[in-house]
Each structure stands twice: as C-alpha cells, then as structure tokens.
Amino acid sequence: MAKVPVEFTLNGLETAEFVESGTTLLNALRDKIGDTSPKGGCHQGTCGACSVIIDGELRLSCLTLAETCGGADIKTTAGLAEGGVLHPLQRAFLDAFATQCGFCTPGMIMAAKVLLDRTPNPSREDVVEALSGNICRCTGYEPIIQAVLTAARANSQNAA
Amino acid sequence: MAIRRGRGVAAINYPTGMNLGGDPTQALVHSTPTGNFMVTLSSVDLGQGMKQIMAQICAETIGVPTDRVIIDTADTDTGPHCMGTFASRGTHRAGNAVIQAAKEARQVMLEVAAEELEVNASDLETDGQGNIQVKGAPQKSISIFDVALSAHFKRGRSISGRGMFLIPRSYPEKETGAMKPSTCYAHACTVAEVEVDDETGEVTVLTVKNVFEIGRALNPKMVEQQLVGGSWMGISHALYETTEPYYPNRDHGGTDFNQYLMPGPGDLAQTEIIVLERPSADGPFGAKGPGEMCANPQIPAVANAVFDAVGVRIDTLPITPERILRALKAQAAG
Amino acid sequence: MELRKDYFADVRKDGLHEIGQPRPRLDSPGHVTGKTAYFADRNFPGMLHLKMVRSPHHHARIRSIDTSEAEKHPGVVRVLTARDVPHNVYTILILIQIGPEDETVLADGKVRWKGEAVVAVLAETERAAQEAAAKVKVDYEVLPAVFDMEEAVKPGAPLVNEYHGQNYYLYDSGECRKVRFGDVEAGFAQADHILEQSYQSSPIEHAPTETTGCVVAPEGNDRFTCYTNTQAMFFTLDNTSIILQMPGSKLHFVGGTVGGGFGGKVDVIVEPIAILGAKLTGRPVSFVYSREEEMQISSPRAAEKVVIKDGVMRDGRIVARKVTGYTDAGAYSRHSPYGAQKGAAHYPGPYTIPNVWIDTYCVYTNRTPSSAMRGFGVTIGDFALEVQMDKLARLIGMDPLEFRFVNAYRDGDMKAHRQPTEGAALIECMQEASRAANWPVAEKYMAMSSYRKGA
Ligand code: FES
Ligand code: FES
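Sequence lines, in order, name chains A, B and C. 1 is the number of the first residue of the first sequence in the working numbering; add one for each residue after it. 1001 is the number of the first residue of the second sequence in the working numbering; add one for each residue after it. 2001 is the number of the first residue of the third sequence in the working numbering; add one for each residue after it.
Chain A with its partners taken away, still in its complex shape (with noise of 0.2 Å):
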C-alpha cells in the first residue's frame, strides 16, 4: 500500500515517519515511532485512553490520521516530565494515589493539562468537565479529580 511521509515534533522533538494512508496517529506513534504512552482502549472515540495534544488542542489520537498531522507539535505523556522531574500533574497523580491499573492515566494527564493550561484554577466542575471523555474502570475518579485539582494549587503557589 502506498506510503506517505509525514513530519512532526513529538515532545520537542522532530520526528518523520512514513505510514499508511488511513493509519491513525494512535497506531503510529505506538507501532512506528515506539512512543507507547497513549493506550489504544477501544479505538474508536469512546475511551479517552489515546488522548494527545495536538497545537494545544486536546484530540483523540485513534480519531486522528497521522497524515493530517503535517507540521503539528504534538504532545504526549511520555514527554510531560522535563529533565526527568515529573509535572505537577504527574507528581499530583503519585500523591493522590490516583492510579490503579494506570492505562487510563496517561490520557487522563493530557486531558488535564489542557484544562490547567487554559484554566490554572479550575473549580471542581472545570476538572469534571476536562475528564469526562475519559474513562476509568478502577478508581471511581475521586482520586484523579483531587489529583487534578492538588495540581492547580500547587501550579498557581508556585506561580505566586
């Protein structure tokens, strides 16, 4: 099948791959470019387990064709921790024992930090808002709203 090229920045870096026309930028990442941090729950929009951030924008990457996204910086969880110090949201999830089986973490934190990146103090509804297309079978989502929510604070005192 005919292969098309395709070039982008992942996590700050410049990455080029050619894929199959019609393979999503879920199976690309995980399968071609090995960055495995997005989960693939059902591949068809329902789970939120496969969310990245695209220009800023929370997107369902087993939704999105890698081909479209031609120049994008792409973001996943894999690249969230710089210099090996985990984000607030990261370190948020730890403490608040937010994860149980941890496959819907990962979309569960980028589904977050776009919220905290246009909303630093979100209420409790902001945060019920962001994550509910997102799934999570194991924790009930108490912990991970509390997670999301000790993450704003801590962000806006070290901001202060």
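Please note: incorrect hints may appear among the correct ones.
As the list claims (entries may be wrong) - Straight-line Cα separation of at most 20 Å, EDC-like style, residue types lysine to aspartate or glutamate; simulated pairs: (1) B:K1103 - B:D1127; (2) C:K2035 - A:D35; (3) C:K2005 - B:D1127.
To be verified - Some chain B residues judged to face chain A by a derived CB distance under 7 Å, without partners named: (4) Q1225; (5) G1229; (6) G1254; (7) F1257; (8) P1265; (9) D1315.
To be verified - What follows is a list of derived Cβ distance ranges for each label pair: (10) C:Q2130 - B:Q1259: 16 to 26 Å; (11) B:E1322 - C:G2156: 29 to 39 Å; (12) C:Q2190 - B:E1173: 37 to 47 Å; (13) A:G83 - C:P2045: 48 to 58 Å; (14) C:L2195 - B:R1326: 21 to 31 Å; (15) A:G84 - B:Y1171: 52 to 62 Å; (16) B:T1176 - C:G2397: 54 to 64 Å; (17) B:E1173 - C:S2068: 51 to 61 Å; (18) C:E2002 - A:S132: 47 to 57 Å; (19) B:A1281 - A:N158: 42 to 52 Å; (20) B:R1155 - C:M2448: 55 to 65 Å; (21) C:A2442 - B:G1311: 21 to 31 Å.
Since the hints were made in silico from the structure, they are not lab data. The C-beta atom is built at its ideal place from N, Cα and C for all residues, glycine as well.
For this one, chain A is given, so just place chains B and C with the ligands on it according to the hints.
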C-alpha cells in the same frame, strides 16, 4: 411529580479464595549481593497493586524498608506457580507464600550476621532501617548491605527462601453440601441515600457510607483506592450496567462506552469509607481479600433506598429509570 | 477514609514497620509517565494481526466454510479453521478436573452463540485481516435457540451443548449443588410469616479500559513467548499446552501488568489461537479484542435468577431459608459451574439460620458464555439476600438494620455448609454504619459483639 428521598442499608460478608479447586501459590525470595531482596512470583497485578503489597509484606518480614525489595512477577520461565489473581486470593495466598519465603531468607541473613558479629542468631533483630543488631545492645550492629556481601563473597551462603501456600482442596459433600469453599471472610455494611425523580425515574445516589472490615489494611492508601473504586462500581452495577438491557432478549446490547453506561466523573456519590480490622487467623498479617466484596453492598443498599424513596421494589438489575417508571405506573394502577 | 483502630484492638498487634504504612506504589511512576509496559506495548517486526470470523447466529449448524476468497486477499498469510487446532474441544476447569470438555476453540460443525469464533484470519495488517475475514463464506443452517433459563431446563427445549446432553451442568450431587441444614419444612411450619420472592440480574461486562489480548513471538528455538494480560499465568499456559498438544516447556508466558481485569481475563481465549498462528506462520502474532469484542464477545458476569423463601418470626428471627439460584452460563461452562457452587456455600448470607435448603443450578443458553467477575458467585446473591432482608424487616414491622442484628452471625455459629464461623465482624460493621449514617438502633444492638465467650 416530585424528587423523593430514601435510604437503604445492606450488610454482607465475602469469602477469600477458591478452595473448591485447590488454591496454591508459591514464592521465591533471594538477596542480591548488596542486600536488596528479589521476590519472584507468577502472580498478576491487575491494577490493584499486588506488586507493591508483596514488596511491603516481604520488607516487613525480612526487616528492611520496602524500597529494598524488588518484585519480579509473572514470567513463567522464572516465577514459581500461582493459581491466578481472582477470588480475592491474590493478597492472601501470594502474601502468605511471600511471608514463608521471606522468613527462610531472613533466617539465613541472621545466621550470616551472627557469624560476622560472633553472636547467636537468636540474639539478633532487625531495626527496619537496613541493619541487624544485637537485642538490647543496638550499638553492636551490622548493615544488611555488609551481611549480603559477606554471604555472597565470604561465607558462600545463599540468602534465599521458598514459600508455599496451599489449602487442601475441599470437595462438597453431595447430599448435605458440607464444604470449605474459602478461608477467612471480609465484612461490610453500606448505607446509601438516594433521590428518585418519580417523573423521569432517574436515581441520584447522594451519599454512600461504607464500613468495611478487611482483616488488616496492609497499605491504607491502597485499601482506600480499592474501596473507593469498588464502591463506585457497586453503584454502577446497581443503576447502569448490563450488556443485555432486555435480558433474556439478546438484542440491544451495547458495544462501546457510549452505549454501555457507567457513572462518569460528574455522577459521583459522596462516598465515605470506614475501615475496621479484625485480623484473620490465616491471612498475611491478618489481611483478608477486600478486592471483590467492596463492590457488593452498594447494590442492595441502593435498591432498598429506591424503595424507601418511592415505594416500589425493583428486583431486577440494573435498576433503570424505565423499570422504576413501569413499577410506579403499575403501583398507580393499583 | 477513616481507619477505626479502636475496633478489635484487643486481637490486633499494630506498630509494624512496613505493613500498615501508606507507602507510595512502586508502579505508579511508570503509570504517570506512560512508561509502564502492558502486553500491547510490545511490537515485533513482521507481526501479523489476527481477526476472527464470528457467528452471526445464536444457534446454527455449519454446512460449509469457504475460505478461498479470504486466502487470496492481499496481505493474508494464513487462515485457520477448527481442523488446524490440535485439541479443539476444551474446557478451562479441566485442570481442576471439572469437565466435560464442552467448548470449541474454533467452531466445528455448529455454533452455539452469536459471536462465537469460527475462522481465524492472520494478515500483515489489521485492516487486511478485517477485510479478509469479511470474505470468509460460512453456510449456516439456523437452529432454534433458547435464551431463557426456565425455558432451557424444560423438556423439549433446544439442546444448547451436546457435550452436556442437557441444558444444565450435572454435578456429582445431581442437577444442582445442594446444601441441606436442619429441617427447612419444619422451619416454615413454625414461622409466623413466610415470604417468597424472586430476583433477577442481567449480564454485566467487566469493561476494563485495556481489552483482552496477547502478542506472541516465536523465540526461534521452537519456543513461543506470549505477552498476555491474563489474570492467571500458569492456568493459561497449561490450558494452551492441552489445546495445542504442545509440551509446556515450549511455552513461555510473560505478563503480570494488566490494564484492569475484574475477572474478565481469566478465560483462556486469545492465547492458544494466537500461539497456533505464530507456530504455523513462524511470525509474531497479535490478537487483541476490539472494544466491541470486549463488550459482547468476552465473557460477562452471568445473569442470575435467585428465588428466596424465608420463614420469619414476629420477633425477627429467621427460622428457615430456602434459596434456589440459577446461573446463566451461556453456551459453555468456562468458570460457571464453579461460580454456581460457590454461590451454594455463600447462601444464606452472613446470618445464622437453623434450617437452610440451597439448590444452585448452572444453566446453558444460547448466549455469550459468562464467566468470573469481581464477586463471582456472590454479588447477585448478595443483592437478592439483602433486598429480601429489607422486605422481611418491613413485613414484621422492624427496623431493617435492627433486623440484621437479630440474625447476624457470630463467632462459633455453624454455617449451613457446616463451617463454624470464625473472625466474624458483621455486627461491628453495622454498629459503625449506624453511627456513621446516623441510623440509630436500640442500645442492646450497640452492645452486641461478634465475639462469643469461650468460642
Ligand atoms: S482509543 Fe481513542 S478514545 Fe479510546
Ligand atoms: S486506573 Fe485502571 S482504568 Fe483508570
């Protein structure tokens, strides 16, 4: 037409293990040359945190901090047999096996330390910080790091141990059903408070107060994870979930997360968890298996609360708005 | 969460170093950085993808299977049918001598539920496998199906599974697992009130965020490494060894890090066929359930019907309890015969009742085989029992919580399956719930204890 409130209670117990099939799990423990401890298993972590709990159990038994323990699990080339992670058996069965293996390893460790310190092994104790000291004379001590080095390079000892947990299989007696299906039992009592909209049939769970008795909270934060998530799942079972909404009719089964319903982050009940610990005689440090039972009592508690609110019994799960409305209609028709 | 250390302090030694400490989870850093390796994070060059052709009918005879078009589809490497599976008829619990073998890896002559695996297609890409699967032609003769458990056990109902010969599992005790304790009829005769009620549940999916699957890689030495999210490593390995008639020494299973299980990953479904594919092609194989397969093909929690008849005294004592439980196994046994008998031991619940009669049936119908799920054999029983308790309390005009205290089991009480109660704590849970929920009960109940002196 009104929003009606009600509350309901349920109390349950839950068996640990599957003795009706034979219930073995084995573990191996050995030290590295610098005094870290490897626990080798073939048990599976489904997300409940089995690896972490086994590390804490090994650490407590050997007398080292948990971060000195490494868990290597679920490679059938290296890990000894485990029946599997189900029937609330993981923590209980694997935990017991790890304790036995760790005790054997600890004994060798103390013997090597005794030779180094020129005392009797029975006079030694661990300080929990990575050192072995003479009971009553803590200034006479040696680090586990040095003990492991000595065992490996000087004394030719293997600081290691084997652990095994097996309950003999129980065969139910044909006529009376006499059997021993499990070991210890966990307990719970839940009170749920709901609001029912008698116009739409919609149920909102306002609060759930769960009291769980789990033998021993081996890691309280992880117990909390499990119980909070379980309580959510119980409510979800009560009100939302099924693959066959018109069972036994096979049609209309949901095939994705849009059709298969579960409460989302905006649908959460205010959840309270209280934990009691009555250590079991046979569990690791008295622990019982809490993983399954924590999702059970909410279901009848919610069902009973719905009745308390609107006076109709929904004896078929899940308790959907449709079922409530039909029952209300039947009730009104007399 | 609140830890109430005051309860049972007399029988508990606290002050341990590591146990009881809220240590951070050693696996969480991997979760939050996306580094934790799940089975599907393993990718091998040249890996094939396996897709199943599934039955569109609930019950049908297979007249013929034509795979020729599928085999010609670009990218297809191999197509597997029942003939390719060395020991095609199996049952997982055969390892603990619970037979008979009653399920096909790939359908042979017949399908017994809608969604049953018939043909496996291995191709270079998922898409090619999917497209080729659509080209497999299966000629079916549709047979009458049965979905209702009560219909299924009636004479003349369509036979779901010939390996059983009837639509229920035959225990050594007969058509059901029985528990008999005391004299239940005498109990009913003595009771002030009798209440018989029936409860029903529908199948429930585990719905883990990670679907069931495995990735198999040939090791190059006649051994196969299977990366899997099974909940039971050796259970799966040993069953695979039977199905493939392959010595266990040729099989290497790696797992232990699973994206949620809840009991849904204890069936041995994906591994044997994927390993067979790897063996016959010499290539790595990935077989991962789609979300749709996870929802409708993987075993759900069984639907159950529970009929409870109780005899109760005006003072609140339950003097007789008769329970008949039906577990809908679907078309094959999997773990259901076990679940039904686990249920027999669980009834009559955490209460001390002098006269008990339990029958639990495992019934076959033409639906997705059910299997274990969190609370296996117990969850639906608890729903039925505890709603029944509420009804009984109201029937005799007692507070529902107080009613449970009257009947709660305590240390030393003999259970119906003839095990003495040990380590009871139901009473204390209810006392604490009474306080926490501000649901007051009479002082005498708050003064009760699960302990019995001398017990
Ligand atoms: S995998 Fe993309 S939403 Fe589920
Ligand atoms: S932690 Fe398992 S799905 Fe969220």
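Structure-based check of each hint:
1. B:K1103 - B:D1127: 16 Å, holds
2. C:K2035 - A:D35: 9 Å, holds
3. C:K2005 - B:D1127: 25 Å, violated
4. Q1225: 5 Å, holds
5. G1229: Cβ of G1229 of chain B sits 4 Å from chain A, so the hint holds.
6. G1254: Interface hint status for G1254 of chain B: violated (10 Å vs cutoff 7 Å).
7. F1257: 4 Å, holds
8. P1265: Because about 4 Å separates P1265 of chain B from the closest Cβ in chain A, which is inside the 7 Å limit, the hint holds.
9. D1315: 26 Å, violated
10. C:Q2130 - B:Q1259: 16 to 26 Å: At 21 Å between Cβs, range holds.
11. B:E1322 - C:G2156: 29 to 39 Å: The hinted range 29 to 39 Å holds for E1322 of chain B and G2156 of chain C, with Cβ atoms some 33 Å apart.
12. C:Q2190 - B:E1173: 37 to 47 Å: Since Q2190 of chain C and E1173 of chain B have Cβ atoms about 26 Å apart, the given range 37 to 47 Å is violated.
13. A:G83 - C:P2045: 48 to 58 Å: With a Cβ separation near 32 Å, G83 of chain A and P2045 of chain C fall outside 48 to 58 Å, so the hint is violated.
14. C:L2195 - B:R1326: 21 to 31 Å: 23 Å, holds
15. A:G84 - B:Y1171: 52 to 62 Å: 56 Å, holds
16. B:T1176 - C:G2397: 54 to 64 Å: Since the Cβ atoms of T1176 of chain B and G2397 of chain C sit about 35 Å apart, the hinted range of 54 to 64 Å is violated.
17. B:E1173 - C:S2068: 51 to 61 Å: 56 Å, holds
18. C:E2002 - A:S132: 47 to 57 Å: Taking Cβ atoms as reference, E2002 of chain C and S132 of chain A lie about 29 Å apart, which means the hint is violated.
19. B:A1281 - A:N158: 42 to 52 Å: With a Cβ separation near 51 Å, A1281 of chain B and N158 of chain A satisfy 42 to 52 Å, so the hint holds.
20. B:R1155 - C:M2448: 55 to 65 Å: 57 Å, holds
21. C:A2442 - B:G1311: 21 to 31 Å: Taking Cβ atoms as reference, A2442 of chain C and G1311 of chain B lie about 26 Å apart, which means the hint holds.
Consistency note: the structure conflicts with the earlier hints numbered 3, 6, 9, 12, 13, 16, 18.
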